[in-house]
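Student: Whole structure, please, built from the sequences with the hints as guidance.
In order, the protein sequences belong to chains A and B.
0 is the number of the first residue of the first sequence in numbering that gives the first Met the number 0; add one for each residue after it.
0 is the number of the first residue of the second sequence in numbering that gives the first Met the number 0; add one for each residue after it.
I should point out that these hints are in silico values taken from the structure, not numbers from a laboratory.
It should be emphasised that the depicted structure is a prediction, and the values quoted were computed from it without experimental measurement.
One thing to keep in mind: the hints can contain errors.
As the list claims (entries may be wrong) - Selected chain A positions facing chain B (Cβ under 8 angstroms, derived; list incomplete):
#	residue
1	1
2	10
3	61
4	213
Virtual Cβ for every residue (Gly too), placed ideally from N, Cα, C.
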Amino acid sequence: MLLRHTTASEIERKALTINPAKTCQPVGAMYAALGIHGCLPHSHGSQGCCSYHRSALTRHFKEPVMASTSSFSEGSSVFGGSSNLVSAIETIFTIYDPDVIAVHTTCLSETIGDDLTQIVSKASEDGKIPEGKRVIYCNTPSYIGTHITGYSNQLASFVRFFSTATPKKKNVVNLVAGWMEPSDMREIKRLASVLETRTIMFPDMSGVLDSPLTGKYKMYPDGGTTIPDMIATGDSKFSIGLGAYCTEDTCVKLESKCKVKFEVIEIPIGLKATDRFITSLSRHANVPVPDSITEERGRLIDFITDNSKYFWRKRVALYGDPDTLIPMVEFLLTLDMKPVYIVTGTAGKHFDEEMQRMLKEKAPEARFKSGERADMFLLHQWIKQEPVDLLMGNTYGKYISRDENLPFVRIGFPVMDRPGNNIFPNVGYIGGMNLANKILESLLNHYDRTCKEEKMELQM
Amino acid sequence: MVYESDKTKETETLIAELKGFKEEVITKYPNKVAKKRAKSIVLSDPVDTPQIQANVRTIPGIITQRGCTYAGCKGVVLGPTRDIVNITHGPIGCGFYSWLTRRNQTKPEDENAANFITYCFSTDMQDSNIVFGGEEKLKQAIREAYELFHPKAIAIFSTCPVGLIGDDVHRVARHMKEEIGNGINIFGFSCEGYRGVSQSAGHHIANNGLFKNLIGRDDEKKGSLKYRVNLLGEYNIGGDAFELERVFEKCGINLVSTFSGDSTVQKFENAHTADLNMVMCHRSINYVAEMMETAFGIPWIKVQPIGANSTAKMLRKITQYFEEQELIDRVEEVIAEEMKEVETVRAAIYPKTRGKKAMLFVGGSRAHHYQDLFEELGMTTLAAGYEFGHRDDYEGRHVIPTIQIDADSRNIEELTVTKDETRYNPRKTEEEMKKLEAEGMEFNEYHGLMKQLEKGALVIDDLSHYEMEKLIEKYKPDVFCAGVKEKYVVQKMGIPLKQLHNYDSGGPYAGFKGAVNFYKDIEQMVCASIWQDLKAPWESEEYIEAQFVY
Chain A
0 MLLRHTTASE
10 IERKALTINP
20 AKTCQPVGAM
30 YAALGIHGCL
40 PHSHGSQGCC
50 SYHRSALTRH
60 FKEPVMASTS
70 SFSEGSSVFG
80 GSSNLVSAIE
90 TIFTIYDPDV
100 IAVHTTCLSE
110 TIGDDLTQIV
120 SKASEDGKIP
130 EGKRVIYCNT
140 PSYIGTHITG
150 YSNQLASFVR
160 FFSTATPKKK
170 NVVNLVAGWM
180 EPSDMREIKR
190 LASVLETRTI
200 MFPDMSGVLD
210 SPLTGKYKMY
220 PDGGTTIPDM
230 IATGDSKFSI
240 GLGAYCTEDT
250 CVKLESKCKV
260 KFEVIEIPIG
270 LKATDRFITS
280 LSRHANVPVP
290 DSITEERGRL
300 IDFITDNSKY
310 FWRKRVALYG
320 DPDTLIPMVE
330 FLLTLDMKPV
340 YIVTGTAGKH
350 FDEEMQRMLK
360 EKAPEARFKS
370 GERADMFLLH
380 QWIKQEPVDL
390 LMGNTYGKYI
400 SRDENLPFVR
410 IGFPVMDRPG
420 NNIFPNVGYI
430 GGMNLANKIL
440 ESLLNHYDRT
450 CKEEKMELQM
Chain B
0 MVYESDKTKE
10 TETLIAELKG
20 FKEEVITKYP
30 NKVAKKRAKS
40 IVLSDPVDTP
50 QIQANVRTIP
60 GIITQRGCTY
70 AGCKGVVLGP
80 TRDIVNITHG
90 PIGCGFYSWL
100 TRRNQTKPED
110 ENAANFITYC
120 FSTDMQDSNI
130 VFGGEEKLKQ
140 AIREAYELFH
150 PKAIAIFSTC
160 PVGLIGDDVH
170 RVARHMKEEI
180 GNGINIFGFS
190 CEGYRGVSQS
200 AGHHIANNGL
210 FKNLIGRDDE
220 KKGSLKYRVN
230 LLGEYNIGGD
240 AFELERVFEK
250 CGINLVSTFS
260 GDSTVQKFEN
270 AHTADLNMVM
280 CHRSINYVAE
290 MMETAFGIPW
300 IKVQPIGANS
310 TAKMLRKITQ
320 YFEEQELIDR
330 VEEVIAEEMK
340 EVETVRAAIY
350 PKTRGKKAML
360 FVGGSRAHHY
370 QDLFEELGMT
380 TLAAGYEFGH
390 RDDYEGRHVI
400 PTIQIDADSR
410 NIEELTVTKD
420 ETRYNPRKTE
430 EEMKKLEAEG
440 MEFNEYHGLM
450 KQLEKGALVI
460 DDLSHYEMEK
470 LIEKYKPDVF
480 CAGVKEKYVV
490 QKMGIPLKQL
500 HNYDSGGPYA
510 GFKGAVNFYK
520 DIEQMVCASI
530 WQDLKAPWES
540 EEYIEAQFVY
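Tutor: As structure tokens, this is what we get:
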């Protein structure tokens, strides 16, 4: 057994996290910053943070993940990291020439109380920031919130530093993207173009973390929200935030700064969340929904009805981030599956309320937990108490999956052992088919490998 | 150094061109940066080894490969031991990123034996712990870990904020050891990420901890074989230690302990009963070898069982040390038997790899060791460098007395080790040692990476992203070796990258079977068809011409 020390009997833990279903703020900030064209994320702290975050993102996307670090020494930890950051800014602009440096803090620079506003204005006064170039920043202390908080904080900084309102609003809808894959962003943009809407998506990792191999390396790939577009988000007439944990704060800030009204909905994973996205976009862009979209929807419905019996009442355990888990649970319920155990390391009332609301009728026995010590160890203990039929989450689930002989669908961050999440979308109706198909494949493959010989079926 | 016969004209021309690299690459840098980087870029000369600047602070913003002290301590050295509950004291990230990511394989003795490698333990510090201190939370976490798992040992690893807010992990360790009792061993590491200039400081801190808290606690000589050795600096990535365990067993050599691949607490505690220490990764573990020699009288030699010939060389060094015909005969038998498969595979692959060029920028040993494997494939190393090596890893240990100790090294504790009063036992008499040395055995010696490189090959310490891009653009190696952060950057340029931290999920690459695996993986890499298809047919000029001709 790989997780041989995990048993069904729980103790009340007050301090020890085991096998977390979360990581720390800065990696989220780094990921979000990659969604701005020509932007180099910069980690203000020890080298290790930057190295770990780049590695984690690289293992997941199998793509270059460029970022720099202030390389704190013991001296900078005592005397402050100001000179490290100022010299980093000079070095970066001289050698790597980004349009923007997006600085985020770490637990180290936060604990010693480095003031980024002051440091960046010093760099500016010293002439270290070339004409037309920008240095933006946000605070991402690792001991508050999770990687999701960091993502949200970085997004808010885009609004703070870029979004500008001119007197005239334009007929453009902002799509504020929560933590999802480049493939998902690409699919959402495709849906928006099928609807013939004018939209600005930010951040936008498509074309950055799914870039083509041509033999020529681009440090700043073609994708990403451009600075002019980012500035123009202040003139859009509406924002749709996709995923409350990652985007609500940003939408609120954009409204107060530039008077752009907003609605926050779920990431369009599954039938109903996609319905809400299409409805919202069509309403706020003031365009009708074309028949081709209704056809896509119909194909998803067809797929589900064809295979309905295999989904029926299957018990599912899942872990990950709230913005993904909420629509995911809703989709599982659409499929008549039973999401019975759900954990996320990211704390928040919204998750708890949504789980309560969605599960109380269709899966009243479900257990869920968010925040500190809502970890994969706890989830595994629940599975040991009463088993499930399917496990869904990031790569770390493979150890539970093997020990408990469970079909396993990889979704979330990080997925380090299978490619494809940045290529094939999970959002929209097409993404819904992809996701339902992955679930089905894993359930049926499991059946085919484990059923009695006489029960082997040719057609299913 | 690649065999003379494998050197092609093209390689020689390329090596001559490397001369201009430094001047060209540093012109892009701001003045101060250029001045500093210039000292870390030298041309190799195996005879008159030049001085290189190494183990100094990375320039902020330059985009380095390096990580931190915590990574070196918890991730590298202590991570591979299966029966210690390793608790990261800090915010959640550090523990999360070092959770299973280094591919340290381990094989518990049986189903009931402890194995915590698959687990991540963290105190997940919150802002209130930063403000009011985290010692009480750490104590509680240790209580809970003990209640759940009853481990033999618990280790605590400090992350950046821990040192800053003044949590004393050593005091907590002592306190909890007393509170729990039952013979549990609890110890802490002050391996905050900001200490030192790279992972290297973490290795040193881990070595000190191993020596203070584990080595020498169990005097019983275990195992029936009489040739007792330790292998230091082998972390069982991709199963390297498994392969070496296999080879030693086949030769009748008793591998008392490995630091720290596939290791257990008991093996560390017992390590001082060995008669010879073999140092594989000099950078990360030479401190333990030195301390064990001083305290217990165990001599150490440098080995590099990466490459089939190099593995054979290691085994022959062992026989030379033990001086027993029975062992010499057995080892020669094993080498002859193992080399059969190695040679068959090598002979089939060598024509495809001969004359090709590699660059290696990784680790504190690997950029050196893997040259052996490339030589066996007839490939030349054009450029190499370490991520966190010191001058001695480049130039050889004889430079150690001349290395200036700067502020960043001074804050890493140097243990004062003395002869163990009861257990110090020189394994060989002074005369015997002299005789062995006269016969060509080298003790306490490492000659460094530059001795092996071609004259004129580039050596770059702490390679920056910019330098890497330029290297590839100008010299187009056939394989570039580095880590995961560099992997896809280099491949976007159309050059395959071999990861020498995680082996691209391959391995083992150590020992005889490892050499075979490596040959095959490099063949796959340099011969993969897809690299020929980067351009679409309509992107080439012939295509357009063909349209007109029609």
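Student: If a hint holds in the structure, say so; if it does not, say that too.
Tutor: Outcome of the hint check:
Because the smallest distance between the Cβ of residue 1(A) and any Cβ of chain B comes to about 5 angstroms, under 8 angstroms, the interface hint for this residue holds. Restraint check, residue 10(A) versus chain B: the minimum CB separation of about 6 angstroms is within 8 angstroms; hint holds. Because the beta carbon of residue 61(A) sits about 6 angstroms from the nearest beta carbon in chain B, less than 8 angstroms, this interface hint is met. The restraint placing residue 213(A) at the interface with chain B holds, with a minimum CB-CB distance near 6 angstroms, inside the 8 angstroms limit.
Consistency note: the structure conflicts with none of the earlier hints.
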